[in-house]
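**Q** Read off the chains here:
2 protein chains.
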Amino acid sequence: MNDFHYELIAEDPETGARAGVLHTPHGKIETPIFMPVGTQATVKTLDQHDLIEAQVQIILGNAYHLYLRPGHELIDRMGGLHQFMNWSRPILTDSGGFQVFSLGDLNKISEEGVRFQSHLDGSSHLFTPESVMEIEHGLGADIIMAFDECTPYPCERDYAEKSMRMTLRWAERCIKRHQELSAQRTHRPPQALFGIVQGSIYPDLRRTCAQELIQMDLPGYAIGGLAVGEPRDSMFGMIRETTPLLPNSKPRYLMGVGLPNDLVEAVGAGVDMFDCVVPTRNARNGTVFTRNGRLRLKNAGHAEDPQPLESDCACKTCSHYSRAYLRHLFKTNEVLGMHLATFHNVFFFQRLMRDMRDAIISGHFAAWQADFFALYQDS
Amino acid sequence: MNDFHYELIAEDPETGARAGVLHTPHGKIETPIFMPVGTQATVKTLDQHDLIEAQVQIILGNAYHLYLRPGHELIDRMGGLHQFMNWSRPILTDSGGFQVFSLGDLNKISEEGVRFQSHLDGSSHLFTPESVMEIEHGLGADIIMAFDECTPYPCERDYAEKSMRMTLRWAERCIKRHQELSAQRTHRPPQALFGIVQGSIYPDLRRTCAQELIQMDLPGYAIGGLAVGEPRDSMFGMIRETTPLLPNSKPRYLMGVGLPNDLVEAVGAGVDMFDCVVPTRNARNGTVFTRNGRLRLKNAGHAEDPQPLESDCACKTCSHYSRAYLRHLFKTNEVLGMHLATFHNVFFFQRLMRDMRDAIISGHFAAWQADFFALYQDS
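Top line first, the protein sequences correspond to chains A and B. Take numbering that gives the first Met the number 0: the last position of the first sequence gets the number 378, and nothing is skipped along the way. Take numbering that gives the first Met the number 0: the last position of the second sequence gets the number 378, and nothing is skipped along the way.
One copy or any two copies: either way a pair holds, since identical chains are not told apart in the list.
Mimicking DSSO-like on lysine-lysine, the simulated pairs with C-alpha atoms at most 30 Å apart in a straight line are:
| id | residue 1 | residue 2 |
| --- | --- | --- |
| 1 | Lys249 | Lys175 |
| 2 | Lys249 | Lys27 |
| 3 | Lys330 | Lys107 |
| 4 | Lys175 | Lys107 |
| 5 | Lys297 | Lys43 |
| 6 | Lys43 | Lys330 |
| 7 | Lys43 | Lys315 |
| 8 | Lys27 | Lys315 |
| 9 | Lys175 | Lys27 |
| 10 | Lys43 | Lys27 |
In case anyone wonders, no lab produced these hints; they're calculated from the structure.
For reference, chain A alone in the conformation it holds in the complex (with noise of 0.2 Å):
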């Protein structure tokens, strides 16, 4: 873990906002960031240069997807993740925990692990904290999540603390492979392993879990099952019961969120790092964001609109095409469509993110933060 460590570089003084530096054994992360989502080894409808024009610095893969085709073992065998597609920036790769709960409809849970079902072909496999340790050692990530339990929203007080409680003893056993793992695999980069705060929407069972994850160590710590259906003040309340807890000197990870709106604020309450499908599956149904909210492509009244998406934006979509034409690739399916929008939103975030972050550092993040609620209507 020697190339892996967080630098603070500034707080706001009004609200818990932080600005810093990721250091990891593919360079430099600047934080607060958006982490695009590439599921399958591709940001979808993105090539690697055009996510470095979009200056994405740092993309998530998922174990679960990875795993199942083409296999963490093919991918490790090519080199790793970062080799395979072609991407020498930092990647984080998710644990499987959310997909095996979301995506396998028949799953089991024991202390073991989790047994799934393939979404693909209904093949059964078993993921154990050791196993997903092995996957995410295959596939080499800079950053990779414990396998933990997501639970679902609304979750009984029992079953959340039951289900925490067997989060905290897979992270113990994470770590415990993680090491083993890192001591045969010295011919790759060194991998940072983060911690999950679970406990649903009960604050004490958050701050059990954040205190006993601290306990352990980790480089950085994430908030999980958040953004799974409950209200969103639940949400910020978890994350403002969490985040004071959670170490100044490490990353602080808010996983699957989300909107424009609740990056914005989720940054005043302390959250560096983010993840979120909201832009680039947004933007496959042609919905873009821009700094008054979204806007839908697919809407008659850009029939004949010549305007950019956005008037001040410097992205290669906004620079050369209008939505008249956007609209039109929309309407007849075609696949240029879903790029440009992809593009444009992958942009939108890694704009958002940098706005906030000089914002930080010039101490007028409380100012920015309403300026841009005031000009910001999601609908």
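Model the placement of chain B on the given structure of chain A, informed by the hints.
**A** Coordinates of chain B only, in the frame set by chain A:
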């Protein structure tokens, strides 16, 4: 038509191959040239920067598709097809003649024109030589094609002759309407109208049609109605029957062809211009072209192959990605696979044409052609 002319640069002494420059209001085209097909105002999966990076000099748009969606009048109001799709290099539009016969299920041909049903919603439409000229003027391509009847294969001699005679009468009507529209629409760059030689596989009909069209003194001539199912020998028989009749000072365009070996043979027969969906459609199915022939990316043999598609190819796909990664993208139905394969194929076709042009200019095309056929195996 002041801006439009063909400049003959070199003729191969052993074959009929020609190298030239086609001057248009949107710039020069070096011939022989292959035009990627951009049916719906997009060369599928590529943005306009990709086309320039792949050294594409001219693209083809389909009048039939653009008439249906978004409509030529909308494109006209948006400043024409170049501006609508942000492509500043030359464009050629076909006349819809091929599509109304192949896509419109129920079509009714008369001297007036063709009544057909939209492949989208079954609505009824009438294309006449005059209405097609209005559509192509609305689109504003540099080169526009006359409305013709593309006869199917096989085709009785009697039908082929009557049809060819009607195509000639339609050409006269196209010229008349084209001249009227050109006089009215002086705010737009001039457009060059090409005639189309028909006559099925009957040499004397082809000769008659060519001779009659030449009398009309058009700026370029196409050979149509081939590659519709006839044997390859018949196709080349018709090409070799026609090209010697066409004026040396005008470009010759073989419509809807084709495969790399067909391009190499047809250039040797004196053809200057080509279009076909072969590179783009094959790419989307996971088939790429190399100097040795086709390569099917879904084949299991590529699963762990770290090689690029072609070791000596300078395209972005070959420069950055392995066959193993491309195969993975196709096996997981990722759009990026289609994009990267399309880029390679379009680049490959452009390089193939450039190589032929260089060989013609340097006077060793026949030897180049023999080398090509020795290496290239189509399957």
